[in-house]
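Modelling step: build the complete structure from the supplied sequences, incorporating the hints.
Number of protein chains: 2
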Amino acid sequence: MFTQIQFPSRSEYASICERPALEQGTLDTLIADVFTQVKKSGDQALRDLTISFEKREITDILYTTEEINLKSAQTDPTLQKAIDQAYANIYAFHEAQKLVTTKIEINPGVFCWQKATGIDKVGIYIPGGTAPLFSTVLMLAIPARIAGCLEVVLCTPAVHPAIFYAAKICGITKMAKIGGSQAVAALSLGTESIPAVYKIFGPGNQYVTAAKMYANRLGTAIDMPAGPSELAVYADSTAIPAYIASDLLSQAEHGIDSQVILVSTSAEIISETIIEITSQLISLPRKEMAEKALANSKFVLVANEKDAIDLLNEYAAEHLILACDKAEDFADEIRNAGSIFLGNYTPESAGDYASGTNHTLPTNGFARAYSGVNLDSFTKKITLQSISKQGLEQLGNTIIDMAEAESLQAHANAVKIRLN
Amino acid sequence: MFTQIQFPSRSEYASICERPALEQGTLDTLIADVFTQVKKSGDQALRDLTISFEKREITDILYTTEEINLKSAQTDPTLQKAIDQAYANIYAFHEAQKLVTTKIEINPGVFCWQKATGIDKVGIYIPGGTAPLFSTVLMLAIPARIAGCLEVVLCTPAVHPAIFYAAKICGITKMAKIGGSQAVAALSLGTESIPAVYKIFGPGNQYVTAAKMYANRLGTAIDMPAGPSELAVYADSTAIPAYIASDLLSQAEHGIDSQVILVSTSAEIISETIIEITSQLISLPRKEMAEKALANSKFVLVANEKDAIDLLNEYAAEHLILACDKAEDFADEIRNAGSIFLGNYTPESAGDYASGTNHTLPTNGFARAYSGVNLDSFTKKITLQSISKQGLEQLGNTIIDMAEAESLQAHANAVKIRLN
Chain Y
0 MFTQIQFPSR SEYASICERP ALEQGTLDTL IADVFTQVKK SGDQALRDLT
50 ISFEKREITD ILYTTEEINL KSAQTDPTLQ KAIDQAYANI YAFHEAQKLV
100 TTKIEINPGV FCWQKATGID KVGIYIPGGT APLFSTVLML AIPARIAGCL
150 EVVLCTPAVH PAIFYAAKIC GITKMAKIGG SQAVAALSLG TESIPAVYKI
200 FGPGNQYVTA AKMYANRLGT AIDMPAGPSE LAVYADSTAI PAYIASDLLS
250 QAEHGIDSQV ILVSTSAEII SETIIEITSQ LISLPRKEMA EKALANSKFV
300 LVANEKDAID LLNEYAAEHL ILACDKAEDF ADEIRNAGSI FLGNYTPESA
350 GDYASGTNHT LPTNGFARAY SGVNLDSFTK KITLQSISKQ GLEQLGNTII
400 DMAEAESLQA HANAVKIRLN
Chain L
0 MFTQIQFPSR SEYASICERP ALEQGTLDTL IADVFTQVKK SGDQALRDLT
50 ISFEKREITD ILYTTEEINL KSAQTDPTLQ KAIDQAYANI YAFHEAQKLV
100 TTKIEINPGV FCWQKATGID KVGIYIPGGT APLFSTVLML AIPARIAGCL
150 EVVLCTPAVH PAIFYAAKIC GITKMAKIGG SQAVAALSLG TESIPAVYKI
200 FGPGNQYVTA AKMYANRLGT AIDMPAGPSE LAVYADSTAI PAYIASDLLS
250 QAEHGIDSQV ILVSTSAEII SETIIEITSQ LISLPRKEMA EKALANSKFV
300 LVANEKDAID LLNEYAAEHL ILACDKAEDF ADEIRNAGSI FLGNYTPESA
350 GDYASGTNHT LPTNGFARAY SGVNLDSFTK KITLQSISKQ GLEQLGNTII
400 DMAEAESLQA HANAVKIRLN
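Residue numbers (numbering that gives the first Met the number 0), protein chains in the order written: chain Y, 0 to 419; chain L, 0 to 419.
One thing to keep in mind: the hints can contain errors.
Since the list can't tell identical chains apart, any single copy or any two copies may satisfy a pair.
Derived pair list, reagent style DSS-like, types lysine-lysine, alpha-carbon separation capped at 27 angstroms [said to hold, decoys possible]:
id, residue 1, residue 2
1, 415, 286
2, 39, 388
3, 388, 80
4, 291, 380
5, 97, 380
6, 70, 97
7, 102, 114
8, 286, 297
9, 97, 114
10, 380, 102
11, 291, 54
12, 167, 286
13, 297, 325
14, 380, 114
15, 415, 291
16, 102, 325
17, 286, 102
18, 380, 325
19, 97, 297
20, 325, 167
21, 325, 38
22, 54, 173
23, 70, 114
24, 291, 305
25, 325, 305
Hints were generated in silico from the structure; no laboratory data involved.
Pasting the structure below:
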């Protein structure tokens, strides 16, 4: 069941880092049709498509405040308390990311600065399915609120009370009962009930992902390209196999396409971890799913720390656990990862739920170029500048010389006319 | 030639803010073919396509350091000095954007932080064409350098010495002679001479833009969707019509599809600006281009400042000049814009070249959801967390309760096994 690789050469790194190929565009006709229907018939299309795709009848597209309050109140009080602590931590970590506007006097009389403004209208998609992802409501709606987004529209077919509880405490402005690609189409195009938003966030199945890519081509921004979730663990001889096994399993239970990789300098740690996985697996409710995911897993023995760093940087994991001595020094060498978990007492599930960091992260190697969702994701940074007459006098010749060399005379004239 | 609109109602704002429809996907077959050829034949495909598209023969794909030095040295010394000042200002403004890593103790023993890491490999595309955009080399290569990108590959068919001078002082690591969609394909896929990069930046014609969108679908990140350049000016009665006219013309000379809009509370300012445009236009070398662009321009008289703010926020201009009293207060109300220029002595061309801000900005209304290029564009923000046993004890129940409510038992187990 476990693929073990020993002392791979550099030329083998690429194949170790390979993810399963993602389908490209095979759903495009179906998605284009959904968008056409939603554009043409708005809310009615959403009702029709929900019956046709989900066999679910809806009359009103949006939940009323009363409905949200009622559902929310059904959340188990212990769970409410847990969500409240997670909310506080996620809020604190994302609020600390706020841009502090500093005016810089670049030259005498030339002031430049940035300000961050929330994206006016954003949409959040939360799938139905086996796991009611109220934690993802927190991860997306809290930074939206801190950013100052004016309209935060949540679309979800999920009905777990905690989804409503999270939506309520996060100040969601509209909550719609719809799911699937039709929800993404509605957020992108707008209907009578659902405002068109400028950016769409959130996980989903292949239809939702394809619809987000389609919306993106139409001009709606999206959080990031999506792929199956993944975890890499680096373990040296100080690691604890039972803990590593529990982390690998927590990733594997997400779905059969989850990616799991263990890189270690210790053959003993690898073999003990495999034994631990086998024994912990037995009692898991999502055992079969995890088992299938583990069939894609890789256990890689490397000669030294340097090789581990190079391989992990090439892999660019969504989640990276460093179960090793001097984990912070090791982390300094990591250039590509979504989120890094240091030491033996920092399981990935801490960041999935409650430590404060975001769990919406780049998969499939996208961590080489993309950040995970953070406060930036919900804002635009606008640059501003204010120049005095004296400032322009100092800068004027530079602008004129460069504009004229680029054959843009009117650009030069805009300075000349002000200084003459 | 000038479209004048007086006191539009709110329902007319959407049509005022409309941009010309961008072509969607009509070039896809051609672009797909270019990518197929580059994937199959690498450097040889680049040679063949450069002959076929540009009638230009190239042997080596890359410039040597000696070639770059030689070409660079041909740059006019006055222009070198101008570029040096621009370099220093752009460097200073972007360096100030560096993330200051701050560890936050979210709960006792629970530490979370972010670090910014440069994207390892980035590509910059600079078009040939009428204007040799060495300024864009500065705007993209300086933040790449500050971010710590390891490989910065510049592709350009342009041969103006200042392009080489800019490439040299910015520390470009590789410079290739190729242009067009084949350059984008090479950056996305890699060839013998050109490394595959993780993110592609830079302007270009419809072929380059379509190739960037295509590369993006293959998994290469891009700076932002591109459209024709645009300028909105807000002017109250304190504005100076000759200055406004010079700014509108500096935008209009970019190309026949440039977008220009003047919003004012003063009918007099509008009519005087139109007179000024007509008189300044005569002597421009790119007069015909500017004239055609001005045919799409709009001059909008609004009843009051509030209407101007609402209209400008709906328009979401790439460049926004505020030629008005209390420009900073006005700017505080602007939620959507790429870059804002305050007061009578801050022409757009200052930001285009030398004040320090970036000139690669969101067009076509994308400023509603996208920032312009800044230091963030060249980095990923990685989150890190380190939790002590005591920290996990405090956070443990919250994680367990949430994971179990989401039916993710292995997530809960990863905590339980550490605390038992």
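Structure-based check of all given hints:
1. In the homo-oligomer, the alpha carbons of residue 415 and residue 286 lie at most 27 angstroms apart only across protomers (18 angstroms), although the nearest pairing inside one protomer, at 73 angstroms, exceeds that limit.
2. When the C-alpha separation of residue 39 and residue 388 is checked against a cutoff of 27 angstroms, the pair qualifies neither within a copy, at 54 angstroms, nor between copies, at 57 angstroms.
3. For the homomeric pair residue 388 and residue 80, the shortest alpha-carbon distance between copies (21 angstroms) is at most 27 angstroms, but the shortest distance inside one copy (58 angstroms) is not.
4. Within a single copy, residue 291 and residue 380 get their C-alpha atoms no closer than 43 angstroms, and across copies no closer than 32 angstroms, so neither meets the 27 angstroms cut-off.
5. Taking the closest pair of Cα atoms, residue 97 and residue 380 come within 27 angstroms of each other both inside a single copy (11 angstroms) and across two copies (14 angstroms).
6. When the C-alpha separation of residue 70 and residue 97 is checked against a cutoff of 27 angstroms, the pair qualifies neither within a copy, at 33 angstroms, nor between copies, at 44 angstroms.
7. Proximity of residue 102 to residue 114 under the C-alpha cut-off of 27 angstroms is found in both arrangements, the shortest distances being 10 angstroms within a copy and 23 angstroms between copies.
8. Proximity of residue 286 to residue 297 under the C-alpha cut-off of 27 angstroms is restricted to the intra-copy arrangement: shortest distance 18 angstroms within a copy versus 64 angstroms between copies.
9. Taking the closest pair of Cα atoms, residue 97 and residue 114 come within 27 angstroms of each other both inside a single copy (10 angstroms) and across two copies (15 angstroms).
10. Taking identical chains as interchangeable, the C-alpha atoms of residue 380 and residue 102 lie at most 27 angstroms apart whether they share a chain (14 angstroms) or sit on different chains (23 angstroms).
11. For a Cα distance limit of 27 angstroms, the shortest separation of residue 291 from residue 54 qualifies neither inside one copy, at 29 angstroms, nor across copies, at 54 angstroms.
12. Within a single copy, residue 167 and residue 286 get their C-alpha atoms no closer than 33 angstroms, and across copies no closer than 57 angstroms, so neither meets the 27 angstroms cut-off.
13. Proximity of residue 297 to residue 325 under the C-alpha cut-off of 27 angstroms is restricted to the intra-copy arrangement: shortest distance 24 angstroms within a copy versus 62 angstroms between copies.
14. Within a single copy, residue 380 and residue 114 get their C-alpha atoms as close as 6 angstroms, and across copies as close as 19 angstroms, so both meet the 27 angstroms cut-off.
15. In this assembly of identical chains, the alpha carbons of residue 415 and residue 291 lie at most 27 angstroms apart only when taken from different copies (24 angstroms versus 70 angstroms within one copy).
16. In the homo-oligomer, the alpha carbons of residue 102 and residue 325 lie at most 27 angstroms apart only across protomers (17 angstroms), although the nearest pairing inside one protomer, at 39 angstroms, exceeds that limit.
17. In the homo-oligomer, the alpha carbons of residue 286 and residue 102 never lie at most 27 angstroms apart, since the shortest distance is 56 angstroms inside one protomer and 37 angstroms across protomers.
18. For the homomeric pair residue 380 and residue 325, the shortest alpha-carbon distance between copies (22 angstroms) is at most 27 angstroms, but the shortest distance inside one copy (36 angstroms) is not.
19. Proximity of residue 97 to residue 297 under the C-alpha cut-off of 27 angstroms is found in neither arrangement, the shortest distances being 39 angstroms within a copy and 36 angstroms between copies.
20. In the homo-oligomer, the alpha carbons of residue 325 and residue 167 never lie at most 27 angstroms apart, since the shortest distance is 42 angstroms inside one protomer and 39 angstroms across protomers.
21. In this assembly of identical chains, the alpha carbons of residue 325 and residue 38 never lie at most 27 angstroms apart, being 55 angstroms within a copy and 42 angstroms across copies at closest.
22. Taking identical chains as interchangeable, the C-alpha atoms of residue 54 and residue 173 lie at most 27 angstroms apart only when both belong to the same chain, with a minimum of 23 angstroms there against 57 angstroms between chains.
23. In this assembly of identical chains, residue 70 and residue 114 lie within 27 angstroms of each other by CA distance neither inside one copy nor across copies; the values are 38 angstroms within and 39 angstroms between.
24. Proximity of residue 291 and residue 305 under a CA criterion of 27 angstroms is satisfied in neither setting, with 31 angstroms inside one chain copy and 59 angstroms between copies.
25. In this assembly of identical chains, the alpha carbons of residue 325 and residue 305 lie at most 27 angstroms apart only when taken from the same copy (14 angstroms versus 57 angstroms across copies).
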